[in-house]
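Note that the protein sequences, when read in sequence, are chains Z, S, G and H.
Position 15 (the first sequence) corresponds to 15 in my numbering; numbering is contiguous.
Position 211 (the second sequence) corresponds to 211 in my numbering; numbering is contiguous.
Position 44 (the third sequence) corresponds to 44 in my numbering; numbering is contiguous.
Position 12 (the fourth sequence) corresponds to 12 in my numbering; numbering is contiguous.
Hints are supplied without guarantee of correctness; some may be wrong.
Looking from chain Z toward chain H, a few residues come up when the C-beta cut is under 8 Å (computed) [what the hints assert, rightly or not]: (1) ILE77; (2) GLU104; (3) VAL126; (4) ARG171.
If you're looking for bench data, these hints aren't it; they were derived computationally from the structure.
In this text, a Cβ means the ideal position worked out from N, Cα and C, and glycines have one as well.
Residue-level listing of the chains:
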Amino acid sequence: MDKWITKKAFINLLKNHQSIMVGGFMTCGTPETLIDWVLESEVKDLTIICNDAGYPDQGVGKLIKARRVKKLIASHIGLNPYAGSQMSEDALDVTLVPQGTLAEQIRAHGAGLGGILTPTGRHTIVEEGKHVIRHNDQDYLLETAIGADLALIQIEACDRLGNAVYSKTARNFNPIMASAANTVVALTNHQRDSIDPECVVTPHIFIDYIVKEDTHGS
Amino acid sequence: MDKWITKKAFINLLKNHQSIMVGGFMTCGTPETLIDWVLESEVKDLTIICNDAGYPDQGVGKLIKARRVKKLIASHIGLNPYAGSQMSEDALDVTLVPQGTLAEQIRAHGAGLGGILTPTGRHTIVEEGKHVIRHNDQDYLLETAIGADLALIQIEACDRLGNAVYSKTARNFNPIMASAANTVVALTNHQRDSIDPECVVTPHIFIDYIVKEDTHGS
Amino acid sequence: MDPKEIIARRVAKELSDGDLVNLGIGLPTLVANFIDPKIDVYLQSENGLIGLGPIPEKGQEDKNLTNAGGQYVTLKQGGMYFDSATSFGIIRGGHVNVTVLGALEVDSEGSLASWIIPKKLVPGMGGAMDLVVGAKKVIVATTHTNKGNPKIKTQCSLPLTAYKEVDLIVTELAVIEVKEDGLHLIERHPDTTIEEIINQTDAPLKYTNVKPMEVKS
Amino acid sequence: MDPKEIIARRVAKELSDGDLVNLGIGLPTLVANFIDPKIDVYLQSENGLIGLGPIPEKGQEDKNLTNAGGQYVTLKQGGMYFDSATSFGIIRGGHVNVTVLGALEVDSEGSLASWIIPKKLVPGMGGAMDLVVGAKKVIVATTHTNKGNPKIKTQCSLPLTAYKEVDLIVTELAVIEVKEDGLHLIERHPDTTIEEIINQTDAPLKYTNVKPMEVKS
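Build out the structure end to end from the sequences listed, making use of the hints.
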């Protein structure tokens, strides 16, 4: 089982109309090299699930600017004016989701749950069209699980099998996205002989393919 | 903020009719010293939430054998005959919960969720009296969050603040229980000057009190 | 050959390179002894690890390292530990390729009863309900009968562990596939006959081309 | 004194020893500069850390260590990192003692609007909805008006961030408590009058014993 792949094999995983989760928070912890390769691939009409819309020239923002994204599910789009303008002209379908709800929806899919009950968003426009369920005298919104065809994550290091660790706040959405997509590709900065079994954040079974950062352009 | 307490201060936290989560899986990762102190305290009519009923002379089994437990929520009671016999004579109210559901119910409480939708238990007696919610052509049971007054957990080591790590499979239910109780007491084997910020499993903010294993009887 | 060994050897042949596998307590645990050494199979234990290794040598036991049956175990290189919520996220989320577990009863629809005999034995379901619902492939590994009483039935009479989730039944006599239209006998042990299998099964068995069960060392 | 500094100084006095605190982007971030050095306050950043330290010195920035505003930060001794699900579990689960954030509007019921001006500004709610619902105490730190237009209203006109969750409003002119029966003016800046505050507030203010706002260094 060799998970280590090159650019060509990565591009072969891409298809028009795919749903792709991309790790990162304001592009901290976003696998930029993989996004560059998606840009090179010419795939389009993508659904992107990401904490935010990135910046015009960083993170998923690059895909939005290049009009490769049809639908965006995110908690924040304020730092990428292309997201706002394409939304206004109906070229981009944006679903704004509270950040904690988005995290739980992704985790839920990865954990085989159909959804979760959250108090977040009650009596706001987030509530529109959702089931409200009462428990212990409190109202909760039923938010359903979100999965994807592909997840692109950034890791700091992994062993040969793909047991992964992250670096500082570059962890963010990466570990939960690793559990929630049919195919998971990790961009790693380093390969290590072993990872302390007490400190593995993402077990190898979640990661299908690994790209080493310095295989750039190979 | 000194979280480090002795036996006397621990016993002062206990009350009749309390609900207590106890970490451990077949007593691997169960804080035995804290259970011994609960036994010494004479509190009774407890509700215990634990993966299993332990053994007659190990884990929460000791509390059951001593008839201090009124209600038990667990996934398995087969290794403690006292649990079965007290259940038969209606002296112990036992709720059996699928292990993964129990884990999610506890995590849900800790994460401020009202509950989760799980496919586990559909078309079994676990389904009785529960909401069934359909999503993406699949039926899910709505399982609600479970919290407790007190959680007793076993950790391997922590720093002065209480940032905690576990040892091997002694981790099990301990980290999620640390998030789900009003008061959390950790029994630690070791104190360390610092814990690697990438490897902290339970952040210090979840732990209210710490007992050092060698303060036995102090 | 011991019936349990026959079953364990045959189940082991269902595992593929790269599979994440959960072996239940008891008979299923034996499967680990017969996995093809040429493939990489990762064993999960639902109490919180992937990379289950062999039983430790005497004196090398670590009280903090057990399997879901409470036995002392070891961790293989590349293994890791996690908490119970993560563990069942892996199980329920479909990340386990194969789960192997025993049965009190298993039926024509692929429903399984394995956790309770009301008023007689009430141990609890432990992680079995999650495993059977969550794993991609569910293999029941069981002796064909309980002292002559068929365990394979048209419909389970005991409370279910899960409804319509079993994919394959492996006994010391036969390999039976569960399909939409019922049970298909696909292999028989060379020492038995189709008639003997039918006689010890309390459910209709379809069959056309019954192959000999591979149980060689 | 700069209005922002007045607000930040006053908010800092609400924090207690041992508190876990989340400071929103912008003005609330300044609060960190005025926390009493004699108490231990732990700052959370929802992108995944507890133990937020000061801005790094020039040249010491780490691109993998930012706060929720995307600024480079540092981690204090005893801090740690975690993923977004854990981070919002901490927030939603009531483990954050105090959250401090800005406002477009805040109203007599304690509802807050802070994330959208339809057809003009649609940045998204980020983590604000979870923070306001989840934190034990919600403090709105804001200038009293937006260039003369009151931000404190009887009822928010913009889409809400959360309904009835705000506990305290701190502006450069006043400290206002939100109670079941409406807004209570509890402190005023020494340089202003109750009348001036009422004039710049678009909601009824109850008051009996209005203390001077403590804003000393």
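Each hint tested on the structure:
1. ILE77: Hint on ILE77/Z: holds, closest Cβ of chain H at ~5 Å, below 8 Å.
2. GLU104: holds, 6 Å
3. VAL126: holds, 7 Å
4. ARG171: holds, 5 Å
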